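One-letter residues, chain by chain:
Protein chains: 4
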Amino acid sequence: MQLGMIGLGRMGGNIVRRLTRKGHQCVGVDQNAAAIKALTGGHVEGSAGLAELVKKLAKPRAVWVMLPAGEITETAVTQLGELLERGDTIIDGGNAFYKDDIRRAKALKARGIHYIDCGTSGGVWGLDRGYCLMIGGDKEAVERLDPIFDTLAPGAGDIEKTPDRRGRDPRVERGYMYCGPSGSGRFVKMVHNGIEYGLMQAYAEGFNILRGAASGDVPEDHRFELNLPDIAEVWRRGSVIGSWLLDLTAMALAEDPKLARYSGFVEDSGEGRWTIQAAIEEAVPAEVLSAALYARFRSREKESFSDKLLSAMRNKFGGHVEPKAGQ
Amino acid sequence: MQLGMIGLGRMGGNIVRRLTRKGHQCVGVDQNAAAIKALTGGHVEGSAGLAELVKKLAKPRAVWVMLPAGEITETAVTQLGELLERGDTIIDGGNAFYKDDIRRAKALKARGIHYIDCGTSGGVWGLDRGYCLMIGGDKEAVERLDPIFDTLAPGAGDIEKTPDRRGRDPRVERGYMYCGPSGSGRFVKMVHNGIEYGLMQAYAEGFNILRGAASGDVPEDHRFELNLPDIAEVWRRGSVIGSWLLDLTAMALAEDPKLARYSGFVEDSGEGRWTIQAAIEEAVPAEVLSAALYARFRSREKESFSDKLLSAMRNKFGGHVEPKAGQ
Amino acid sequence: MQLGMIGLGRMGGNIVRRLTRKGHQCVGVDQNAAAIKALTGGHVEGSAGLAELVKKLAKPRAVWVMLPAGEITETAVTQLGELLERGDTIIDGGNAFYKDDIRRAKALKARGIHYIDCGTSGGVWGLDRGYCLMIGGDKEAVERLDPIFDTLAPGAGDIEKTPDRRGRDPRVERGYMYCGPSGSGRFVKMVHNGIEYGLMQAYAEGFNILRGAASGDVPEDHRFELNLPDIAEVWRRGSVIGSWLLDLTAMALAEDPKLARYSGFVEDSGEGRWTIQAAIEEAVPAEVLSAALYARFRSREKESFSDKLLSAMRNKFGGHVEPKAGQ
Amino acid sequence: MQLGMIGLGRMGGNIVRRLTRKGHQCVGVDQNAAAIKALTGGHVEGSAGLAELVKKLAKPRAVWVMLPAGEITETAVTQLGELLERGDTIIDGGNAFYKDDIRRAKALKARGIHYIDCGTSGGVWGLDRGYCLMIGGDKEAVERLDPIFDTLAPGAGDIEKTPDRRGRDPRVERGYMYCGPSGSGRFVKMVHNGIEYGLMQAYAEGFNILRGAASGDVPEDHRFELNLPDIAEVWRRGSVIGSWLLDLTAMALAEDPKLARYSGFVEDSGEGRWTIQAAIEEAVPAEVLSAALYARFRSREKESFSDKLLSAMRNKFGGHVEPKAGQ
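Protein chains in written order, with numbering that gives the first Met the number 0: chain A, 0 to 326; chain B, 0 to 326; chain C, 0 to 326; chain D, 0 to 326.
Keep in mind the hints are simulated off the structure, nothing from the lab. Bear in mind the structure is a predicted one, so any value in this text is a computation, not a measurement. Among these hints, one or two may not hold up.
Identical copies carry no separate label here, and so any pair may be met within one copy or between two of them.
Claimed, not checked - Straight-line C-alpha distance at most 30 Å; calculated DSS-like pairs for lysine-lysine: (1) Lys257 / Lys301; (2) Lys105 / Lys301; (3) Lys160 / Lys21; (4) Lys36 / Lys105; (5) Lys36 / Lys58; (6) Lys301 / Lys55; (7) Lys257 / Lys160; (8) Lys301 / Lys36; (9) Lys105 / Lys138; (10) Lys160 / Lys98; (11) Lys257 / Lys138; (12) Lys55 / Lys21; (13) Lys160 / Lys58; (14) Lys98 / Lys257; (15) Lys36 / Lys21; (16) Lys36 / Lys55; (17) Lys58 / Lys21; (18) Lys21 / Lys54.
Modelling step: build the complete structure from the supplied sequences, incorporating the hints.
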């Protein structure tokens with residue numbers, strides 16, 4: 000099939016590569032001319048802007064937007080909405096907020112244009128491993144683009160089959176899923192990332208406790224110097240906590256057990272926050288997912304006003320004075 | 000090699016099976032005669048009690064204890080300590096507290112007996128997948144029993160190799176690890192289980208939020224009926240949060256999307272608690288691992304006094320009256 | 000001064016009472032005729048509806064809205080906006096969302112009408128103790144109504160003066176505060192309630208641990224049957240954790256140490272949720288305030304899907320079966 | 000009455016002062032000769048060591064130990080146990096672990112010596128406000144020392160009486176309480192401090208959110224510069240969250256709204272940790288109290304290995320690179 004791609008960065012570029020390797024045709028555009036140039040040739044054509052890109056596509060057109068969440072995506076979708084025609088489809092594969100998807104889909108539907116929200120997981124590994132796709136929007140539009148989704152997804156591979164799936168959608172076992180109406184694909188991807196934060200934090204706390212076993216706070220008779228790279232590695236095999244995130248943890252620790260190149264300033268890309276907002280809207284507890292998000296917020300503070308206030312209270316009621324740094 | 004096995008339940012029985020399938024010899028004992036009978040034959044010999052078991056083993060003997068944590072393990076280890084001789088080895092593969100391991104190892108060492116703490120992960124799947132082993136104790140005793148550990152571990156299998164592991168212990172890549180002095184193997188297994196609780200809770204909260212998207216608390220324009228079994232399945236492929244626990248989640252949800260056979264009374268086996276105690280001793284934060292533990296405690300309460308007190312305070316300051324059940 | 004009051008329930012009625020006791024004039028309206036009747040007489044006049052209420056007030060008018068958050072407040076403010084004239088003032092004293100205040104103030108300003116958001120704490124005790132007022136909006140409009148706010152506030156009373164307050168606004172020491180532009184009063188009140196949840200949960204957990212000291216999970220040699228009503232009482236005197244919420248806790252426990260009349264179904268009125276949303280928007284951690292909110296969500300669940308999923312996973316990896324109820 | 004006091008620091012010294020101001024006689028000892036000298040005269044006599052102190056007391060003797068928790072208290076109690084005689088009493092007023100109290104009481108009882116654990120709250124304010132006392136041990140020994148406890152406690156003061164207390168111990172309303180057998184007084188004090196951590200953290204998070212309202216992360220149309228000292232002050236009056244800790248917060252913020260003299264390195268004195276251990280032993284959730292403890296642990300970390308591991312994972316799956324400091 001033919002697909003337009005707006006944004007040829009780490010994610011968009013690799014999506015184009017994976018599609019064209021398997022015979023699809025892509026027309027790409029990017030602010031960065033070098034990014035276009037790097038991809039052009041074979042099944043990929045560059046274009047100078049949205050208007051030109053739209054002209055180069057055959058009807059009904061399909062254009063995938065793969066840009067950072069926020070203003071820039073909003074603008075691209077709005078402009079596309081004006082350039083495209085009845086029957087065309089926009090796919091947003093970035094990390095948008097699902098309520099924005101619902102709003103956009105509604106506005107575009109009024110003009111006969113389909114809007115698909117496609118939560119896309121896989122990171123820099125997706126090019127080879129394939130992308131896990133969580134798709135929301137008009138079912139018909141999604142069905143028409145099935146060859147695209149099927150190519151991007153990892154496929155069944157040699158992952159063991161889950162029993163009791165007779166009668167269920169077989170495409171899910173190839174790694175892509177139609178989740179439901181507009182916004183639902185992104186909602187599922189959002190919760191996916193919320194869980195991701197929780198999993199990451201669970202490992203991070205665990206390894207921190209392993210490392211802390213060597214700390215001076217622990218009495219000598221049960222103080223241990225543990226080999227973190229080996230522990231991550233051994234857990235990859237036969238243990239209950241094996242996972243892809245653990246594979247990556249093992250890589251990072253094998254590279255450097257002290258992780259010295261990282262300062263521990265941990266960003267978040269929005270989905271963790273939105274997951275908490277969804278939990279609050281639904282009135283369901285989300286202790287672990289919140290704690291994971293807050294750990295990231297805390298990681299960015301050099302000085303915490305909250306902590307200062309605790310020190311101040313302790314000083315006021317007990318005369319406690321903070322120890323000097325390093326004590 | 001020859002190994003004595005005390006406790007032929009779900010874990011002990013399967014360990015014996017895995018060992019003898021690959022040619023090792025086992026002498027087993029269990030309170031339950033049927034459990035012994037079920038295994039006896041081929042490379043397995045039964046015995047009527049600890050004393051007989053010890054007699055049937057050639058020196059230097061190795062006896063694996065695989066019993067529920069607590070009194071029963073303590074008693075078995077104490078009795079074994081009296082029956083065994085200088086140069087023999089006890090392996091405890093259960094879920095003990097690492098400080099108990101340190102104490103036991105010390106006491107047995109005084110009599111020339113080796114004590115190995117062997118954290119054993121793998122659950123009911125270990126028979127076929129192999130067990131992930133985290134081993135602490137005298138290095139020499141551990142080395143001597145290498146054939147046992149090597150057989151129990153999963154082996155390298157087709158799991159992708161972690162880069163940058165040149166010069167590191169290759170046995171780790173076969174799924175077993177010498178962690179260090181007495182207690183360290185169990186300490187590593189304890190943190191493993193602490194992490195396990197955290198991972199499980201992250202998934203549980205995430206799926207709960209997905210399910211809650213259909214709740215009446217959510218405005219209709221972004222209320223979704225999501226297909227939980229399919230979501231678990233699709234995440235197994237190419238997503239960042241793929242894991243063995245997710246595989247199991249997919250199985251459970253495919254079996255019954257409502258999980259109706261479970262009431263949600265969630266037990267804990269001690270390691271989650273000890274992990275928090277270790278974190279507190281080390282003075283490192285463990286927000287997620289604690290929250291995961293507390294969720295289990297809360298799951299067992301039909302009535303929470305804590306919640307009642309909140310209701311009482313609200314009533315006292317604001318005149319708020321609890322809604323009638325079902326509202 | 001003269002004030003219109005819309006909503007004569009628990010809060011609105013008492014505000015009218017407190018104002019008129021001290022000589023102010025009020026015109027009230029309520030859906031419930033009995034509520035109007037109960038107050039009318041002396042300095043209070045009833046009215047049949049918003050239009051009549053507005054007519055009965057002298058210009059520049061001041062109308063206080065004291066209704067449940069949401070639709071009903073929105074409607075009342077909108078209608079008032081149409082009935083009032085340039086120079087008049089609306090005060091919303093309920094539990095609205097501060098972003099709604101900002102929106103309303105803007106819309107009303109275009110018509111020359113002042114809108115004041117007045118966070119009001121004090122519950123059913125406010126009539127006698129006075130109300131703590133956190134006020135946002137046009138400074139001039141707030142200044143003009145100073146006699147109203149001053150009367151409603153508790154006054155300096157015999158609360159010990161905080162040192163180092165020279166040069167600071169003395170009205171604050173009488174219990175009301177001009178917080179800043181529109182929305183800021185309600186924002187401060189929102190965080191106030193967020194803190195309130197956190198404080199309540201801290202006490203609730205603490206008393207739960209005291210009560211748990213008698214539980215069978217605790218070894219007999221340090222099992223205690225503690226007298227909760229006495230503990231709450233003794234902490235009111237000289238301890239670091241004395242507070243008004245503790246006073247109320249002591250009342251509730253003295254009334255019934257088992258709190259048997261409460262089921263522990265704990266509602267939330269929105270501010271706790273909005274506080275978390277504000278924290279997330281600011282990217283600051285709010286672990287305790289979130290946990291307090293989630294405990295309330297959890298208190299309303301008879302069955303937790305999240306817990307069921309944990310049980311299901313445990314069953315899948317370890318063959319663990321849930322104990323029968325009561326075990 | 001006559002009382003020996005071991006430890007004349009901030010707490011012990013003030014206890015002696017409060018007792019002797021009201022006519023009791025004290026014999027004190029301290030490592031620091033200046034501390035003894037500062038108190039001696041009037042009703043206070045110094046002594047050169049434990050042996051001399053014991054000699055100066057009339058039988059049955061009562062000796063209060065007010066030393067830092069740990070080794071030093073243990074040593075003092077052990078030595079006292081050897082110097083005292085049948086019928087004498089040791090009171091430990093420090094922050095010990097309640098299981099140590101149980102052990103000590105048992106050992107001393109064998110020698111006919113009473114041991115009283117007396118949780119003592121009040122900080123540097125206790126001299127004037129009085130101390131809230133939570134007392135465990137032999138009831139008879141506690142009764143005999145009633146004049147001491149009654150003098151130290153704040154008395155009924157002008158705190159409003161709690162209704163429904165007819166038939167309950169009136170001493171509780173004067174600020175001291177017999178909690179039960181050995182260890183129970185300290186257990187109650189421990190939970191008291193656990194709650195204290197939770198309350199402090201709730202305020203700290205709340206003020207942090209108020210402060211964050213001015214942050215650049217918040218869109219300009221609802222960004223607020225809030226006056227923190229005034230907010231703390233206004234909440235002291237008529238609000239639901241008034242408390243002594245809030246009084247102290249108001250003091251600290253009035254002194255300096257930026258709290259610039261504090262770095263936010265927050266220590267813990269053990270009780271918060273023990274409270275969590277008790278909760279875990281009882282299998283009751285303690286989310287808020289744990290989070291409060293962990294916030295303190297985190298406050299002491301300049302670099303968090305846990306955060307580094309998150310950064311490392313993000314780098315491995317998404318190619319995410321940490322922003323440079325200050326971004």
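Quiz item: So which of those numbered hints doesn't the model satisfy?
Solution: Those not satisfied are hints 2, 4, 6, 8, 10 and 13.
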